Each structure stands twice: as C-alpha cells, then as structure tokens.
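Colleague: Chain residues, written in single-letter form:
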Amino acid sequence: MATMTPASPSAPQSTPPSGPAYRPSTAKRAQLWLAKHFAMLSAILVLLYLFLPVAYTFAFSFNDHGKTNIVWQGFTWEHWQDPCGVTGACESLVTSLQVGAISTVVATVLGTMMALAMVRYRFRGKQASNVLIFVPMATPEIVMGAALLTIFVQGFSNIGINLGFGTIVFAHIMFCLSFVVVTVRARIQSLDPRIEEAAQDLYASPVQTFWKVTFPLILPGILGAAMLAFSLSFDDFIITNFVSGNENTFPKFVYVASRRGIPAEANVIGFSMFVIAVLLVVGAQVVSSMRASKYKS
Amino acid sequence: MSALAPVSQVAGDPAVHPAPPAPETQKRSWTAYLLLLPGVLWLGVFFILPLVQLASVSLQSRYPGFPGYYYRDVNFDNYVAALTDYAPHFARSFLYAGLATFLAFVIAYPLAYAMAFKAGRWRNLMMICVIAPFFTSFILRTFAWSQILADEGWVVGVLSFLNLLPGGSIINTPVAVVAGLTYNFLPFMVLPIYASLERADPRVIEAGGDLYANGFTTFRTVTLPMSMPGVLAGTLLTFIPAAGDFVNMELLGPQRGKMVGNVINDQFLAIPGGYPVAAALSFTLMAAILAMVFLYVRRFGTEELV
Numbered sequence: 016m017a018t019m020t021p022a023s024p025s026a027p028q029s030t031p032p033s034g035p036a037y038r039p040s041t042a043k044r045a046q047l048w049l050a051k052h053f054a055m056l057s058a059i060l061v062l063l064y065l066f067l068p069v070a071y072t073f074a075f076s077f078n079d080h081g082k083t084n085i086v087w088q089g090f091t092w093e094h095w096q097d098p099c100g101v102t103g104a105c106e107s108l109v110t111s112l113q114v115g116a117i118s119t120v121v122a123t124v125l126g127t128m129m130a131l132a133m134v135r136y137r138f139r140g141k142q143a144s145n146v147l148i149f150v151p152m153a154t155p156e157i158v159m160g161a162a163l164l165t166i167f168v169q170g171f172s173n174i175g176i177n178l179g180f181g182t183i184v185f186a187h188i189m190f191c192l193s194f195v196v197v198t199v200r201a202r203i204q205s206l207d208p209r210i211e212e213a214a215q216d217l218y219a220s221p222v223q224t225f226w227k228v229t230f231p232l233i234l235p236g237i238l239g240a241a242m243l244a245f246s247l248s249f250d251d252f253i254i255t256n257f258v259s260g261n262e263n264t265f266p267k268f269v270y271v272a273s274r275r276g277i278p279a280e281a282n283v284i285g286f287s288m289f290v291i292a293v294l295l296v297v298g299a300q301v302v303s304s305m306r307a308s309k310y311k312s
Numbered sequence: 003m004s005a006l007a008p009v010s011q012v013a014g015d016p017a018v019h020p021a022p023p024a025p026e027t028q029k030r031s032w033t034a035y036l037l038l039l040p041g042v043l044w045l046g047v048f049f050i051l052p053l054v055q056l057a058s059v060s061l062q063s064r065y066p067g068f069p070g071y072y073y074r075d076v077n078f079d080n081y082v083a084a085l086t087d088y089a090p091h092f093a094r095s096f097l098y099a100g101l102a103t104f105l106a107f108v109i110a111y112p113l114a115y116a117m118a119f120k121a122g123r124w125r126n127l128m129m130i131c132v133i134a135p136f137f138t139s140f141i142l143r144t145f146a147w148s149q150i151l152a153d154e155g156w157v158v159g160v161l162s163f164l165n166l167l168p169g170g171s172i173i174n175t176p177v178a179v180v181a182g183l184t185y186n187f188l189p190f191m192v193l194p195i196y197a198s199l200e201r202a203d204p205r206v207i208e209a210g211g212d213l214y215a216n217g218f219t220t221f222r223t224v225t226l227p228m229s230m231p232g233v234l235a236g237t238l239l240t241f242i243p244a245a246g247d248f249v250n251m252e253l254l255g256p257q258r259g260k261m262v263g264n265v266i267n268d269q270f271l272a273i274p275g276g277y278p279v280a281a282a283l284s285f286t287l288m289a290a291i292l293a294m295v296f297l298y299v300r301r302f303g304t305e306e307l308v
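Protein chains in written order, with the numbering used here: chain A, 16 to 312; chain B, 3 to 308.
What the hints contain is simulated information worked out from the structure, not anything from laboratory work.
Hints are supplied without guarantee of correctness; some may be wrong.
To be verified - FRET-style restraints, in silico, Cβ to Cβ: (1) Tyr-64/A with Gly-100/B: 16 to 24 angstroms; (2) Val-206/B with Trp-48/A: 23 to 31 angstroms; (3) Asn-145/A with Phe-218/B: 21 to 29 angstroms.
What the hints assert, rightly or not - Below, in silico cross-link-like pairs of lysine-lysine (DSS-like), each with a Cα-Cα straight-line distance of 30 angstroms or less: (4) Lys-141/A with Lys-227/A; (5) Lys-120/B with Lys-141/A; (6) Lys-309/A with Lys-29/B; (7) Lys-43/A with Lys-120/B; (8) Lys-29/B with Lys-227/A; (9) Lys-309/A with Lys-227/A; (10) Lys-29/B with Lys-51/A.
Quick caveat: nothing in here was measured; it's all calculated off a predicted structure.
Ideal Cβ placement from N, Cα and C applies to all residues, glycine included.
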C-alpha cells in the first residue's frame, strides 16, 4: 500500500533528470499498482459480493420486525435469546441434521467403494458405470425430484414406503453419491500407486494394504467428499420439496415461511450454522496444516 | 468434474503426486464388482427406476372428470403440450440460465485466477471464503437478495440516482432472477476453474510475457486454454442447476413469465391432474440439457470431465 501514498505531484519533476533512479509519476505508479494487483482486488470484491447476503441474513436476525422481516425496524436481541420460539424452526433443523448425517455416512461409504473400483480396477462395464455416475450430476434437480415423486407415489407406496423422513434420506443419498465418487476418485488418481505396490512387496495382504496404506492416504479426500455431501444434503430444497410429504427440513421450513415472511429466528439458525461450519472447516485446516508441517520437519 | 477435488486437497500433503497411475497397475478382479454393486444398485433403484416411471407417467392420460387419476397409455399429447404451450418457459429458462452462466464466468475467473496465482498463503482462507456462504441456507441468501434489490434498498437508490434504472425497480423483474441465479451458482464456477488453474504451471504464463505477448494476449492464448477443463466443468455445473431452478424465480421474479422449473413444480405439487404434462416437461428438459451437454463436451471436451 505504501506506493499508493500520494507524493506531492511536483516531487518527481523536481528531481534532477540525471538522478540514477527513474521515478514515474503518481498517476503512473497508481496505474502500475492497479495492474499488478488487479486480480487480487477483483477477487476481494467478488468475495465481498459472495458474503453480502450472509451479512444481510446476520443483520436482519436482529431486526425487531412485525409481520414480515423485510424492512429494518429496530434492534433487538429477542430472536437470539429464543431461536426455537417459532413453531417448527428447530424441529426442522433437527430433521435436516439427521437427514444430513445419515445421507453423508451412507453416500460416503458407497461412493468411496465405487471410486476405488473405478480407479484401481479394469472391468467390463466401466464406461457404463462412468455414465451412470455422471448423468445424475447433469440432471436438473427438479427432474430428479419429479421422477422420485412419481415412483414413490405410484410404485413404492404399494410396498409400504410413504413420503417422509425415509424417502428424503433415500433421495439425498442418491444425489450425493456421484459427487462423493468424483471427489474421492480425484484423490485416488493423484496417489502414487507404487506406494501400495511397495506394501504388497513387503508381504502386506490386500486388506492390510488398504487399511494401513491406501485408506490413510485417501482419508483427506473422503473427508472432503463427506463435507461436500453434508452441505449438499443440508441445503437441498428442490428434491426435498418433492419427496418430503409432511416432513419439514430447514430449507423447506424457510421456503414455506417465505410466503408470509421469514421469521428472524430462521436468520439466527441459518447464520449460526454458517459460523459453526466455518469454525469446523478452519479447525480442520489448522489441524491438517500442523500435521503437514510436523511431517516435513 | 474431477474439478471438485480441490475441496479435499487444500492442505499441503506430501503423499500426493501428480503422476497418474499407469494402466498396467489396474487389476482385474471380481472385487471391482463387489465394490461397485451397492452404489450401482442405489443409483438403479433411486435414479434409473424413477426416470423409467417418469417416462411412463409422461405418456399417461387423465381420466376425464377425475383430477389426479391417470391410466396407462401411450399419449404423446403431453409432449405436444409441453413443447407448444410451454415453449416460452423453456426459452426463458435457457436464456436466463445462459446469461447467469456467462456472468458467473466473468465474475468467477478473476477470483479463481487470484486464488491460483496471487493468493500465496491466503489461498486456503480464500477457498474457505468461497465455500462458506454455502452454509447459510440457499433460500435465506436468495431471500436476502430480495431485500438487497428491493425498491427501498440502496442498490435501487444508487442506480436511480445515477439515472441507470429506467424501470425504477429490479425486484420482480427478470434482471433480479438472473442476478439470483448468478449469485447462487457462482461457487460451482469458481472451484473448477481454480482447480484447473492451480494445476497449471505459472512459468508457462510467464513465458508468454517473456515472448513479448501483452497481458491480454497471454491470457487469451495461454492462461484461458490451460483452464479450459475447469471452465467447461464450471459452465455445466452452473448452467444445469440454473436451467432447472424455480426458487429464484419464485422469490425474486415477476408474477408472470415464469421458467420451466416453476411450471413443473406447480403442475406436480399444486395443480391436481398435472402429473402427465409435468412429467413430459421434465423429460423434455432433461433431454434438452443432456443433448446440450454432450454437444458442448464434444465441441470443447476433455477426458477429465467424466
């Protein structure tokens, strides 16, 4: 930033032309500084843009609003003191957390197995499996939601599966699966296969090789995939809206409430989840970079 | 779409090597099928089977006079209705999604570029900043945009003051819908572009400058081509959900002139007897998007996508 402090405009001209260092004019230097930092400056602007609605969500959690929470009316702590004060808010949050946890665990286990098969083995039908993994990611959520609704209502209800908690979990596992596979697969692909071969050369069984060598190495990828799956599940509205019946998840609660005005308690819960998630991610980053530096030394 | 990988690779890790496994290290074994089976079954039962059912519903006919009841049929009228009555909705969906994808690309690229080449030790922090807004519910953030773009808000105030807003309003217009779509899917554009730039060797870009290319020429002929796999994945990951979205239209858009997602949603969940046409609409949307994806991938494609 030092180069930005405006020197008096006459200063550069007053230096004798025989001086050893050429000093460009302030305007020129500002231009150079901008050119050098253009990418970083625009990046910061974009990050501010990304956070703008989060800031609004935070600010309006303190709004002493009447029927609708749209215009600023005054400051209150009230909503932070009792976020569960609105009927259904915390119940829907608990449902979302449960759905997210179950879907994440199942999708991560199934997806990691598929990723291992896709990278480490040659088999008939690999191309078809690739397409099967890719197409759900290229299908709009509304189509998946509609398709699931038709099969749940017209098919699976005959065998006793009705819309509700279970159908939400089934659907969430399905749409998280592909994202887990691509994330873990990228991690496995970036591993040096010779590390595993070395383990085998040292008479480790395939099972031992997997648990002692492969698994610890791909664990960061698996954790990243799990995080991705949880956030996809936790924030999903479109598919959930189709398959949830009378069950309320947090996004569905907010959407339904938005018809008559989202209560500030929802802002409190939404912003708190944001803070918790950021703290968890930053914590994980700190731990893993500490581990990495320990490994190096 | 391996582009999502950096989420897991942000931390420095000595075990990761760029060397891809040589084909001969891949084993042939029944284990592969055992590993695949549960996931494939799941996708079969909860993705393929529902689509088959959706296809069958899209050909059903209604019982006249009994809304909500259908009989099995091969009735292509649903598709005719989908393609004629709702053609403007399709056009709007693809137009708004296309605009949002383009805007997201323009906004995302400098951020991804800065993260890959300029951020240094701030890289991980910036990565967290890109992902973090995700954790506030997407509906809450979209609703916040309806507050930001409201007639009483500062955005409209500033633009009106500068005489840049002839209509006097942003909220409840297509502009607000495109703005919402751009914002909501931006991280899906940033992360893949960042992933492909991060893999690029900065010395190659420097070489462009050494060979007397100016900044723009270097960007156009060196940097952009190197990031093409990421741009490709990013545009798909933005365009596909944007084209099927109905929430932004519902919360930010006008009362009339909806997108195809709104029609599908209303036909399924609000209008009795809407299933067959809505199923035909869904199938048409999916077919159109898949066709676009495959053409697009064939035109610009790389191996890395799948």
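Colleague: Hints first: check each against the structure and report whether it holds.
Modeller: Do the hints match the structure? See the list:
1. Tyr-64/A with Gly-100/B: 16 to 24 angstroms: 21 angstroms, holds
2. Val-206/B with Trp-48/A: 23 to 31 angstroms: 26 angstroms, holds
3. Asn-145/A with Phe-218/B: 21 to 29 angstroms: 38 angstroms, violated
4. Lys-141/A with Lys-227/A: 27 angstroms, holds
5. Lys-120/B with Lys-141/A: 39 angstroms, violated
6. Lys-309/A with Lys-29/B: Roughly 35 angstroms between the alpha carbons, so the hint for Lys-309/A and Lys-29/B is violated.
7. Lys-43/A with Lys-120/B: 22 angstroms, holds
8. Lys-29/B with Lys-227/A: With a Cα-Cα distance of about 19 angstroms, the restraint between Lys-29/B and Lys-227/A holds, given a limit of 30 angstroms.
9. Lys-309/A with Lys-227/A: The given pair, whose Cα atoms are some 20 angstroms apart, holds under the 30 angstroms limit.
10. Lys-29/B with Lys-51/A: Violated: Lys-29/B and Lys-51/A sit about 50 angstroms apart, past 30 angstroms.
Hints 3, 5, 6, 10 from the list above are not met by this structure, while the remaining hints are.
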